[in-house]
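Work out the full structure: start from the sequences and follow the hints.
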Amino acid sequence: MSTIQGTSVLFWHDLRLTLRNPVWMLFAIAQPLVFLVFFGPLVTRTLGASGLSSHNAWQTFVPGVLLQLSLFGAAFTGFTVITDLQSGVLERLRVTPVSRTALLLGRVLRDVVILLFQAIVLLLIAIPFGLRADAAEILISLAFVALIGLSLASLSSALGLMLKTEESLGPLFNTVLLPLLLLSGALLPMSLAPGWLNGISRVTPFRYVLEAVRSTLQGHFAAVVVAEGAAVAVGMFLLAMFCGIRVYMRQGA
Amino acid sequence: MEIIVADGLARTFRSGKTTVSAVQGVDLSVNRGEIVGFLGPNGAGKTTTLRMLTTLLRPTAGTARIAGADIVTQAAAVRQRIGYIAQAASASPKHRVYEEMHLQARLHRMEPTLARRRIEFLLTQLELADLGHRMACTLSGGQRRRLDVALGLVHEPAVIFLDEPTAGLDPQSRSNLWEHIRWLREEQEATVFLTTHYLEEADALCDRILVIDHGRIIAEDSSANLKQSVASTVVLVEVDGDAASGVVVLEGLTEVREVTAMDGKTLRMSVGEDDDDRVVLDAVTALRAAGLEVRSFSLTRPTLEDVFFNLTGRALRDGAGV
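So the protein sequences, as listed, match chains A and B. According to this note's numbering, the first sequence is numbered sequentially starting from 1. According to this note's numbering, the second sequence is numbered sequentially starting from 1.
Where hints are given, some of them may not hold.
Unchecked claim - Every beta carbon over 10 Å from chain B, so not counted as near; a handful from chain A, in silico:
id	residue
1	1
2	6
3	10
4	25
5	38
6	50
7	96
8	171
9	173
10	174
11	189
What the hints assert, rightly or not - Stretches of chain B that chain A covers, calculated by requiring three or more beta carbons in the stretch to come under 8 Å of a beta carbon on chain A:
id	region
12	54 to 60
13	69 to 81
14	97 to 106
Said to hold, decoys possible - Derived SDA-like pairs: lysine to any residue, alpha-carbon spacing no greater than 20 Å straight-line:
id	chain 1	residue 1	chain 2	residue 2
15	B	94	A	17
16	B	94	A	88
17	B	17	B	72
18	A	164	B	14
19	B	265	B	228
Keep in mind that the hints were calculated from the coordinates and are not lab data. Glycine residues also receive a C-beta, built at the ideal position from the N, C-alpha and C atoms.
Written out as structure tokens, the structure reads:
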């Protein structure tokens, strides 16, 4: 059985649970949704006061919410891995001939599919608030969401396998993800930030992805920012996949 | 025909500054069709050895081959040929019994029609027939254990590893599971390797027992042989008269290993387990012939607990005792 077949079998097996209880998928968007609904109108009006039109303001803000969803949503994958590890399910699967890569990818793909669904729901809700975007812009934004989701889910799974307990993984995410999210310029663009903050932001990967999605939603596909963001996103994805697969293969060593 | 061979298997765990040698050089050899048990207290290294043999853990030293495949370099081949039923429940709680069974079958590349038939058969055999559509978390403890067994057997493995198979089960479920394990060898011609710290289980099921303590195998033989060679039947005889003179009488009997007078009236003998009834009768006859009337006697046959105690100086039930 090839890795692709193994991934497919595990993917559908896990997805079946989600399809049986679809309501759970919507719980995870609660926090980004809260930001969208209760903070969005405030920040977009503030941005509008500095010259941006209403549509443009939402196009500036919504990517931040999408990034928040991607980061925290995909990071959760590690916790499901820990649950499976502690319950004995993962051990049982590991004593079958299925490839270790398929064990990782089946899980990660399932979570990314859910993430994309959640992202679409968020985007749909943002439209009545003022977001304007055409199909191409949405699709490209979702591609970025997918890449971030795949990267984070993969890294999270690897960490979950290595750390083995929720008490270890939880605090790690809490201390790392929020600063990264803020430094990306998710709530307000970094162009408004003081020099030193902007400088730190340039060293974090998500800033480039965020700027790329902003540019996309504003209709400027060909901008350099988009290329930069794509390069960072793809680079992260490749690195995360490499690390994830390596950990899955070596676990037990 | 050897189906499991291990040579110098060892595993150390490092945590911070401490290094723990969980397994220190285990050699073992299991032939096709045997039921072999790893007997030892908690912490002896049973589960660690099992996890190395089932490719879940890489050994820090040594090699092992299962059904001809090396556990490190040919891990996928090993996994295809073995079934592993761990101590923890292995079914995903929210999934249905059928779903988990079908997943196992697919991961083992079973052909769908064959898989379906095999699943029906196993669920019936393990008394889970009506539970196919139930979620695993709704099953009772005994049912979940049987589901774990079913999951490990879907692909008809030649070698089956069981880690503490009946731990935590009620007596009824336990003896049922023992029946199933015996059936595995009889009907499926499988080789079974189990770990346990229950001596009744080792006694009841295993052709051969490997006694393990502190990461090393300290004895290896059938239950009967172990008890005979390592421990003895203890016979207490109460006499009317001077026990000390009885000692001389009994020392004259060849099958009696050791005699002491415990107090004025009681004699304590060790005899081999083989034919111990007859030896006791001979002893009583000899004592009466010497003028010592026998008032009562008792026989205590050795258990694996005695075997373990004689080998290690500790009780099996007390655990590893650091």
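Exercise for the section: Report the numbers of all earlier hints that the structure fails to satisfy, in ascending order. Expected result: As far as the earlier hints go, 1, 2, 3, 7, 17, 19 are violated by this structure, in ascending order.
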